[in-house]
Every structure is written in structure tokens, then in C-alpha cells.
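> Residue numbers (our numbering), protein chains in the order written: chain A, 1 to 438; chain S, 1 to 438.
Derived from the structure by calculation, the hints contain no laboratory data.
One or more of the hints may lead you astray.
Capping the alpha-carbon separation at 25 Å, the derived lysine to any residue pairs in SDA-like fashion look like this [said to hold, decoys possible]: (1) A/Lys41 - S/Lys9; (2) S/Lys281 - S/Ser311; (3) S/Lys428 - A/Ala423; (4) A/Lys342 - A/Ala423; (5) A/Lys375 - S/Ile102; (6) S/Lys91 - A/Ala103; (7) A/Lys342 - A/Glu332; (8) A/Lys340 - A/Arg18; (9) S/Lys281 - A/Ala423; (10) S/Lys375 - S/Pro404; (11) A/Lys160 - A/Ala72; (12) A/Lys9 - S/Asp197; (13) S/Lys12 - S/Arg305; (14) A/Lys28 - S/Leu194; (15) S/Lys91 - A/Ser100; (16) S/Lys160 - S/Gly42; (17) A/Lys13 - S/Gly195; (18) A/Lys375 - S/Lys9; (19) A/Lys342 - S/Ser311; (20) S/Lys41 - A/Leu10; (21) A/Lys91 - S/Arg115.
If you want the footprint, here are the derived chain A segments under chain S, 3+ residues with CB under 8 Å [unchecked claim]: (22) 101-108; (23) 114-121; (24) 222-236; (25) 289-299.
Yeah, the Cβ is synthetic: ideal placement off N, Cα and C, and Gly gets one too.
The residues making up each chain are set out below.
Protein chains: 2
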Amino acid sequence: MIIWSSLSKLEKKTALSRPAMANSQQLKQTVGDIIASVESKGDAAVIDFTRKFDYPDLQSLVLSQENIDTLASSVTAEVAGAIDIAFNNIKAFHDAQLPSDIALTTTPGVNCELRFTPLDAVGLYIPGGSAPLPSTVLMLGVPALVAGCDNKLLCTPPNKQGLIAPEIAYAARKCGIEAIYLCGGAQAIAAMALGTDTIPQVDKIFGPGNSFVTEAKQQVSLRADGAAIDMPAGPSEVLVLADEFADAEFVASDLLSQAEHGPDSQAILVSNSEALIESAKAAVERQLSTLSRADIARPAMENARYILADSIDDAILVSNAYAPEHLIVQIEDARSLLPKIKYAGSIFLGPWSPESAGDYASGTNHVLPTYGYAKNYSSLGLLDFMRRYTIQELSADGMRNLGPAIMALASAEGLDAHEQAVALRMQKLANANDKGDA
Amino acid sequence: MIIWSSLSKLEKKTALSRPAMANSQQLKQTVGDIIASVESKGDAAVIDFTRKFDYPDLQSLVLSQENIDTLASSVTAEVAGAIDIAFNNIKAFHDAQLPSDIALTTTPGVNCELRFTPLDAVGLYIPGGSAPLPSTVLMLGVPALVAGCDNKLLCTPPNKQGLIAPEIAYAARKCGIEAIYLCGGAQAIAAMALGTDTIPQVDKIFGPGNSFVTEAKQQVSLRADGAAIDMPAGPSEVLVLADEFADAEFVASDLLSQAEHGPDSQAILVSNSEALIESAKAAVERQLSTLSRADIARPAMENARYILADSIDDAILVSNAYAPEHLIVQIEDARSLLPKIKYAGSIFLGPWSPESAGDYASGTNHVLPTYGYAKNYSSLGLLDFMRRYTIQELSADGMRNLGPAIMALASAEGLDAHEQAVALRMQKLANANDKGDA
Numbered sequence: 001m002i003i004w005s006s007l008s009k010l011e012k013k014t015a016l017s018r019p020a021m022a023n024s025q026q027l028k029q030t031v032g033d034i035i036a037s038v039e040s041k042g043d044a045a046v047i048d049f050t051r052k053f054d055y056p057d058l059q060s061l062v063l064s065q066e067n068i069d070t071l072a073s074s075v076t077a078e079v080a081g082a083i084d085i086a087f088n089n090i091k092a093f094h095d096a097q098l099p100s101d102i103a104l105t106t107t108p109g110v111n112c113e114l115r116f117t118p119l120d121a122v123g124l125y126i127p128g129g130s131a132p133l134p135s136t137v138l139m140l141g142v143p144a145l146v147a148g149c150d151n152k153l154l155c156t157p158p159n160k161q162g163l164i165a166p167e168i169a170y171a172a173r174k175c176g177i178e179a180i181y182l183c184g185g186a187q188a189i190a191a192m193a194l195g196t197d198t199i200p201q202v203d204k205i206f207g208p209g210n211s212f213v214t215e216a217k218q219q220v221s222l223r224a225d226g227a228a229i230d231m232p233a234g235p236s237e238v239l240v241l242a243d244e245f246a247d248a249e250f251v252a253s254d255l256l257s258q259a260e261h262g263p264d265s266q267a268i269l270v271s272n273s274e275a276l277i278e279s280a281k282a283a284v285e286r287q288l289s290t291l292s293r294a295d296i297a298r299p300a301m302e303n304a305r306y307i308l309a310d311s312i313d314d315a316i317l318v319s320n321a322y323a324p325e326h327l328i329v330q331i332e333d334a335r336s337l338l339p340k341i342k343y344a345g346s347i348f349l350g351p352w353s354p355e356s357a358g359d360y361a362s363g364t365n366h367v368l369p370t371y372g373y374a375k376n377y378s379s380l381g382l383l384d385f386m387r388r389y390t391i392q393e394l395s396a397d398g399m400r401n402l403g404p405a406i407m408a409l410a411s412a413e414g415l416d417a418h419e420q421a422v423a424l425r426m427q428k429l430a431n432a433n434d435k436g437d438a
Numbered sequence: 001m002i003i004w005s006s007l008s009k010l011e012k013k014t015a016l017s018r019p020a021m022a023n024s025q026q027l028k029q030t031v032g033d034i035i036a037s038v039e040s041k042g043d044a045a046v047i048d049f050t051r052k053f054d055y056p057d058l059q060s061l062v063l064s065q066e067n068i069d070t071l072a073s074s075v076t077a078e079v080a081g082a083i084d085i086a087f088n089n090i091k092a093f094h095d096a097q098l099p100s101d102i103a104l105t106t107t108p109g110v111n112c113e114l115r116f117t118p119l120d121a122v123g124l125y126i127p128g129g130s131a132p133l134p135s136t137v138l139m140l141g142v143p144a145l146v147a148g149c150d151n152k153l154l155c156t157p158p159n160k161q162g163l164i165a166p167e168i169a170y171a172a173r174k175c176g177i178e179a180i181y182l183c184g185g186a187q188a189i190a191a192m193a194l195g196t197d198t199i200p201q202v203d204k205i206f207g208p209g210n211s212f213v214t215e216a217k218q219q220v221s222l223r224a225d226g227a228a229i230d231m232p233a234g235p236s237e238v239l240v241l242a243d244e245f246a247d248a249e250f251v252a253s254d255l256l257s258q259a260e261h262g263p264d265s266q267a268i269l270v271s272n273s274e275a276l277i278e279s280a281k282a283a284v285e286r287q288l289s290t291l292s293r294a295d296i297a298r299p300a301m302e303n304a305r306y307i308l309a310d311s312i313d314d315a316i317l318v319s320n321a322y323a324p325e326h327l328i329v330q331i332e333d334a335r336s337l338l339p340k341i342k343y344a345g346s347i348f349l350g351p352w353s354p355e356s357a358g359d360y361a362s363g364t365n366h367v368l369p370t371y372g373y374a375k376n377y378s379s380l381g382l383l384d385f386m387r388r389y390t391i392q393e394l395s396a397d398g399m400r401n402l403g404p405a406i407m408a409l410a411s412a413e414g415l416d417a418h419e420q421a422v423a424l425r426m427q428k429l430a431n432a433n434d435k436g437d438a
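Put together the whole structure using the sequences plus the hints.
Right, here's the structure in full:
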């Protein structure tokens with residue numbers, strides 16, 4: 001247990017430090033080579049890498065519509081029903097985010113508009129690995145559907161049968177995803193960013209992944225012929241704020257929910273109650289022994305931090321300094337604390353709001369800024385699947401009204417041609433006036 | 001003149017190609033060294049670089065409030081009035097973009113919220129160079145003011161007097177910018193991203209610049225301890241769509257407005273009228289000879305492209321393929337073409353809407369995606385100065401209603417602890433029920 005008030009400034013910083021991210025020169029080089037290979041050899045390179053890393057017998061990168069149908073219909077009724085419920089909640093919450101276009105007359109005769117439009121083509125990346133992630137399909141696919149993106153494609157590595165998990169096929173169908181490609185890793189990111197004969201180029205790539213995927217997303221986002229990406233990534237993390245009234249078993253289960261994501265997951269408990277911290281620690285040990293993923297959660301919990309703060313206000317300051325991806329507030333009248341909370345990707349209020357609720361089904365998006373990025377990036381939302389552009393239209397009167405100001409500013413900046421573009425128009429209007437149009 | 005329908009697919013691509021951007025290994029290294037130097041030596045490094053590149057006698061990085069006042073009050077009444085008009089229009093258009101928070105009950109007892117909040121600290125970069133740019137101060141400063149960012153600082157290189165242009169001081173005052181620092185280039189970007197004793201660290205950096213500034217913004221945006229940035233940058237560009245009814249002098253003046261920004265500026269005219277193209281070319285020659293910045297505009301116009309399309313619809317397809325930063329539509333009933341126009345940072349409709357209007361005073365933002373980024377990035381707006389986060393709060397009923405779906409999904413993903421976090425809560429509710437609470 002860390003006693004916050006006893007720490008020096010430097011010790012406080014260390015207590016909240018995150019693990020270094022893999023960004024070695026070696027990783028950059030390997031990923032750069034994969035991207036170059038996909039760029040020069042296209043599908044052949046993507047197939048080669050997929051055979052090497054995922055499924056040796058791969059014949060085609062395309063998962064056929066027939067296979068998708070068969071897989072989707074093999075999902076159990078219970079899981080299909082759960083996906084349906086999650087889909088509906090996530091859709092409702094993202095429907096509510098649909099923005100309104102703006103039209104405004106700023107000066108008589110000067111009309112300005114801001115319009116929102118969906119991105120044309122989006123690429124959704126779903127990692128393979130130890131468990132299928134239909135929830136991530138929903139978190140990426142539903143906003144793409146609600147935004148109205150014309151082309152929604154999904155890349156995910158094939159499993160040992162050369163297919164994908166039925167739940168992923170079912171969730172993808174719900175979201176109207178048009179195509180599923182059997183590839184993962186940096187090669188999938190490169191294919192979506194640059195396009196191959198089989199895999200169309202997309203405008204923006206979304207989704208989580210390992211260090212190769214993260215590095216590849218970064219590299220393609222720096223290329224003008226590449227793709228935009230959702231947000232920078234880091235290991236997942238939770239910070240739980242709890243007082244003496246919190247249920248220690250609940251607190252422990254929320255810390256462990258985070259820990260089971262991966263050995264580099266960060267779990268932090270901050271409380272003003274030493275008794276709560278002690279009972280949460282004991283509950284963690286008890287629950288840990290029952291988990292099937294204990295071998296993943298245990299090393300993560302070895303890096304867990306239990307911080308004792310002098311007061312609830314101090315505990316909130318610790319959370320603000322950390323800027324957690326997930327912030328769980330198990331304090332009496334949790335909502336009343338919101339005005340003091342500065343940074344978090346998503347906030348879970350009260351005893352009945354575990355992280356699992358937002359991870360799966362409450363309606364909020366589970367793609368959130370990690371690694372302190374909650375200070376300057378947003379949680380994923382509908383707007384990330386759209387772009388904004390502006391329109392302006394001046395009438396002759398608008399030009400008469402605004403022309404002199406534009407000319408004065410252009411002149412102050414020494415930009416003659418900008419000034420002349422207005423002067424010529426003002427002159428034409430003056431000439432028209434002279435001819436009796438006044 | 002390029003006859004579009006005569007070109008092969010490859011020739012079309014070449015006709016719309018943009019100049020390669022400077023991103024040599026040398027540039028990366030130089031900028032990386034500058035950032036490392038600012039990181040290790042702080043203010044001393046920033047002062048050294050500024051003395052070397054901008055003003056040898058620099059004493060302090062801070063432009064005193066007294067100096068700002070004196071400079072601001074020395075602006076002529078005409079220019080001050082023009083800045084006031086531009087400020088009011090830009091403010092009105094960005095005020096209209098203020099988003100509304102969302103609160104939604106997705107399932108009975110499950111409340112989800114999306115909240116918008118201003119970024120805390122933003123760094124605005126204003127280049128030095130041949131002309132002061134008060135308009136850019138407004139385009140960055142007004143949305144920061146409207147968003148409500150607590151800390152708005154501005155970096156700009158000192159001029160030959162060790163000061164800044166009075167117009168910049170005046171515009172900065174209007175926007176409530178709290179501090180102005182006398183530095184530019186990669187060193188200014190590094191200082192804002194990492195912080196020094198004098199210059200506070202910011203959450204996000206905005207603004208245009210040369211290749212050093214652009215590279216520095218990219219490098220700091222890749223660091224977890226760095227800062228977010230507004231958008232990727234490229235040379236400025238305009239595409240003018242015109243028909244036979246367009247005024248050739250207006251068209252020429254709009255092409256030249258773009259060309260005078262820099263020798264790498266791109267100016268493209270696409271028309272279905274050969275006569276209009278010929279008269280626009282002649283008008284460009286005539287107007288060019290009168291411009292004070294002809295030596296900048298002339299090389300840019302040597303790379304200008306005049307494209308003859310078979311029809312207005314074809315001309316729009318050319319524009320969509322190019323995805324211009326600025327799109328000027330000087331075609332009869334320009335507004336009716338909007339549904340066909342796919343990509344542009346900002347669209348200027350009709351004869352009385354020159355690019356200068358949006359550059360300075362109509363109200364729209366002049367920071368726009370260039371280099372084809374209009375396909376996947378937005379024009380700068382109020383939302384870029386804010387971040388979004390979510391909140392969820394389940395009541396006991398909410399947990400009862402949603403718990404089974406969450407558990408089914410967690411189980412399908414093999415995440416026991418996620419399931420357990422819900423199971424424990426469901427159990428507690430069931431126990432409470434058994435005790436007569438039902």
C-alpha cells in the first residue's frame with residue numbers, strides 16, 4: 001500500500017508511471033519492412049504473412065459471404081440475444097450523437113455552413129489471440145453504421161480452422177459490414193491503408209492490436225497516401241476510487257477485470273480508507289484463484305497499485321494526475337464528485353456500474369484513450385467516423401459589406417493577390433451601380 | 001491546357017499529383033536533435049536557437065504584457081476595425097458549433113452520457129516570415145476562446161526588432177491569449193510539447209509552419225509525453241471550377257491568391273469551356289505583372305494546371321479526385337452542384353466568394369486539410385479544441401436488466417473476471433431480494 005501524502009513529488013510521479021511501450025528500432029524496422037512488402041507485392045505478401053503467422057493453408061483472403069452466413073447462424077441463441085441487446089444500446093447511444101449541420105449568416109449577405117458527412121471507407125481491425133472479441137466489432141461497426149460510411153471492411157486473423165469466431169461473424173452482420181478479410185497484424189493494417197487487388201484502400205483505420213498493429217497504424221498514418229487512424233494506443237488500465245462504504249468484492253472484481261486483459265494491464269485502487277484497501281487486497285487474492293485467466297491477471301496484479309489518500313478530494317487529485325482510461329467511482333453519492341474529476345476516458349458511477357458494463361453493453365464505446373491520452377484525446381464516438389467541411393457563399397451585398405475588411409487584412413498581411421481578388425469584385429459592383437443599378 | 005478526356009488513367013493521376021513533401025532523413029534528424037536539445041536544456045536551448053535563427057539579441061522568451069499592450073495599441077484604426085469584423089464573424093460561426101452534452105437511458109436503469117469539455121492548455125503557433133499573419137491568430141485563437149480553454153499560449157518568432165507585428169498582438173489580445181513567447185520553428189514546438197521553465201506544456205498544438213515546424217509537430221505527436229496536433233500539413237492549394245459564364249478576371253485572381261502563398265502552392269483551374277480557360281490564362285499574366293509578390297506567385301503559376309473537362313459533371317469528378325483544400329465554384333447556380341461535390345476542405349460558392357473571404361473574414365476557419373487529406377480529415381473547428389468523454393451509471397435495476405447480457409458476452413469472450421464482476425453484483429441483489437426486499 002502506498003501512502004500518498006508521504007511521497008515526494010518525484011515518488012508520486014513514479015507511483016503513477018506507466019510501463020514503457022515497445023517502440024524499439026527493431027520493431028519499427030520489422031513493421032516498416034512488412035508495409036514495404038505489402039506495398040510492392042500486394043495480396044501475395046499479405047497471404048504469405050498470414051500463412052506464416054496465422055493459418056498455413058490459407059487459400060483466399062476473402063471470407064466468403066456463405067461462410068459468414070454459416071458462422072453467424074451457428075451462434076447460440078443466448079449469445080446472439082446478448083449481442084442484440086448490446087447492439088441496440090450501443091446504437092441508441094451513437095444515434096444520439098448524430099450532429100446537426102450549421103448554417104449561419106455572419107454578416108448580411110455572408111452565409112457560412114458547416115456540414116458533417118460520413119467517411120467513405122473505414123477499415124475495422126479486430127485482433128485474434130486468446131479470445132474472440134465480438135464486443136469490439138460492435139464498438140467499431142455500430143458507429144460506422146450509424147455514421148453511414150459506404151464501405152465498412154473488417155480484417156481479423158484466421159483461427160486454427162482458417163475461419164473466424166462465429167460471434168464475430170454475427171456481430172459483423174448486425175453492423176452491415178460488407179466484407180471480412182482473413183488477415184491480421186501489420187500486414188492487415190498495410191493492406192487497408194494502401195489497398196491491394198483484393199482489399200480496398202480505406203480512409204481511416206480503427207481498432208486495437210498488439211505492438212505490431214499499433215506501430216503499423218502509426219507508420220501508415222504518417223504517409224500522405226496512407227490512412228488516418230482512430231487514436232494512439234497503449235495498454236489498457238483502470239483506476240478505482242473507493243471509500244469505506246464500497247463493497248470490497250466489487251472493487252476487487254473491477255481491478256481483476258482489467259488485469260485479465262493482459263500482463264501489462266494497469267490496475268490502481270485509490271481510497272481514503274485503509275480498511276477498504278486491505279479488504280480489497282484480500283478479495284483480489286480470493287477471486288484470483290478462481291479465474292481461468294489467472295496466469296494473465298496475476299502478473300498484472302503484481303504491478304497493481306493500492307494508494308491510500310488522506311481524503312476523497314486527494315484521491316480524486318491522484319486520479320486526475322493519472323488520467324485513467326477507465327475510472328470507476330465506488331464512493332457514496334458518486335455523481336456529486338463529477339465536477340472535480342478532470343480526466344478519464346470513461347467514468348463508471350456507483351456500485352452497479354462495473355467496467356464490464358461499458359466494455360460490453362451499456363451503450364458507451366469501449367475504445368478509449370489510454371496511457372494518459374485522456375488529457376488530450378476523446379473516447380471513440382460517432383464523430384470519429386465523420387468529417388466536417390465548410391461552405392461559404394457571399395451575395396453581391398455580402399461582398400459590398402465585407403469587402404473593405406478583407407482588403408484591409410490582406411493589405412496588412414502584404415498579400416496583394418488576396419486584396420486584388422476582392423478589389424476586382426468591388427470594382428465590378430461599383431461599375432454596375434454606375435450603370436444605373438443603384 | 002490539359003484535355004482531361006484524352007488522358008490515360010496514369011496520366012490523370014500524374015496531372016493531379018502534388019509536389020513531394022520534404023521529409024528527408026536529414027530533416028528528421030535535425031528536428032530530432034532540436035527536440036532533444038530543448039528536452040535536455042530547456043529554456044537555454046530555445047533561447048540559443050532563437051538567437052541563432054531569429055533575433056541575436058534576445059533577452060527573454062516572454063513578450064511582456066506591457067509590450068503586448070503597446071504593440072496592440074499601435075495598430076491603425078482601419079486594420080483594428082477589420083480585425084474586429086473578422087473576429088466577430090469567426091466567433092459567431094464557432095459559437096454556433098458549441099456541442100450539446102448527451103444523456104440517454106439505453107435500457108431502464110442504464111444511463112449513458114457523453115460530455116464535451118475544453119482542452120486545458122493549447123499552444124498556438126504563428127509563423128514569422130515575409131508577412132505577419134493576424135488572420136491565423138484569429139483562426140486558432142477564436143475557437144480556443146469559444147471552447148473555453150483555460151490556457152492559451154502563442155509562440156511566434158521575434159522580428160528584426162525583437163518584437164512581433166502589432167496586428168498579431170492586437171489579434172491575440174482579442175482572443176484572450178494569456179501569454180506570447182518569442183520563439184519559432186521546431187524549438188517552439190518542442191517547448192510547447194514538453195514544457196520548459198518558462199513555456200508551459202500544452203495538451204495540443206495548432207498552426208501552420210515550414211517543414212521544420214511540420215516535422216516537429218509530427219515527432220512530438222508520436223510521443224506519449226508530447227502533445228496532440230491539429231492535423232497533418234502540406235502546401236496550400238486551390239481548385240477553381242468555372243464555366244463559360246465565369247468572370248475570367250475573378251478566376252485569375254483566385255488562382256493568384258493561392259499562388260502568392262508560396263512557390264509550392266498548387267493552383268488548378270478545371271472548366272468545361274476552352275474560351276474561359278484561355279481568357280483566365282491571359283488574365284493571370286496581366287494580373288501577375290502587378291503583384292508585389294510576383295516572384296513567389298510566378299513559380300507557383302508555372303506549376304498551375306488548366307484542365308479542360310468535357311462537362312461540368314466531369315469537372316466535378318476531377319475535383320473529387322483531387323480533394324482540394326479550397327474549392328471555388330464559379331459556375332451558374334453553384335449551390336445546385338453541392339450534392340455532387342465529394343471532398344474539399346472548404347467550398348466557396350459563386351462569383352462573390354473569393355478565397356480571400358474565407359481566408360480572412362467570412363467566419364469559416366482557414367485551417368483546412370491539404371494534400372488530399374480532405375478525404376479523411378476535417379476542416380479546423382471548435383470540436384478540435386475540446387475532448388469528449390463518457391459516463392455511465394447503472395442503478396440496481398439497470399444491473400438486473402443488463403447483467404445477463406453482459407455475463408453472456410464476457411463468457412463468450414472467455415473473460416471470467418468481467419463476468420464475475422457482474423455475477424457478484426447480481427448475487428448481492430438476489431440476496432437482498434431473499435431478505436425480503438422484493
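> All hints are to be evaluated individually against the structure, with a verdict given for each.
Going through the hints against the structure:
| no. | hint | verdict |
| --- | --- | --- |
| 1 | A/Lys41 - S/Lys9 | 21 Å, holds |
| 2 | S/Lys281 - S/Ser311 | 20 Å, holds |
| 3 | S/Lys428 - A/Ala423 | 76 Å, violated |
| 4 | A/Lys342 - A/Ala423 | 50 Å, violated |
| 5 | A/Lys375 - S/Ile102 | 20 Å, holds |
| 6 | S/Lys91 - A/Ala103 | 14 Å, holds |
| 7 | A/Lys342 - A/Glu332 | 19 Å, holds |
| 8 | A/Lys340 - A/Arg18 | 23 Å, holds |
| 9 | S/Lys281 - A/Ala423 | 19 Å, holds |
| 10 | S/Lys375 - S/Pro404 | 42 Å, violated |
| 11 | A/Lys160 - A/Ala72 | 18 Å, holds |
| 12 | A/Lys9 - S/Asp197 | 17 Å, holds |
| 13 | S/Lys12 - S/Arg305 | 12 Å, holds |
| 14 | A/Lys28 - S/Leu194 | 23 Å, holds |
| 15 | S/Lys91 - A/Ser100 | 19 Å, holds |
| 16 | S/Lys160 - S/Gly42 | 24 Å, holds |
| 17 | A/Lys13 - S/Gly195 | 16 Å, holds |
| 18 | A/Lys375 - S/Lys9 | 45 Å, violated |
| 19 | A/Lys342 - S/Ser311 | 55 Å, violated |
| 20 | S/Lys41 - A/Leu10 | 19 Å, holds |
| 21 | A/Lys91 - S/Arg115 | 17 Å, holds |
| 22 | 101-108 | holds (count 4) |
| 23 | 114-121 | holds (count 3) |
| 24 | 222-236 | holds (count 6) |
| 25 | 289-299 | holds (count 5) |
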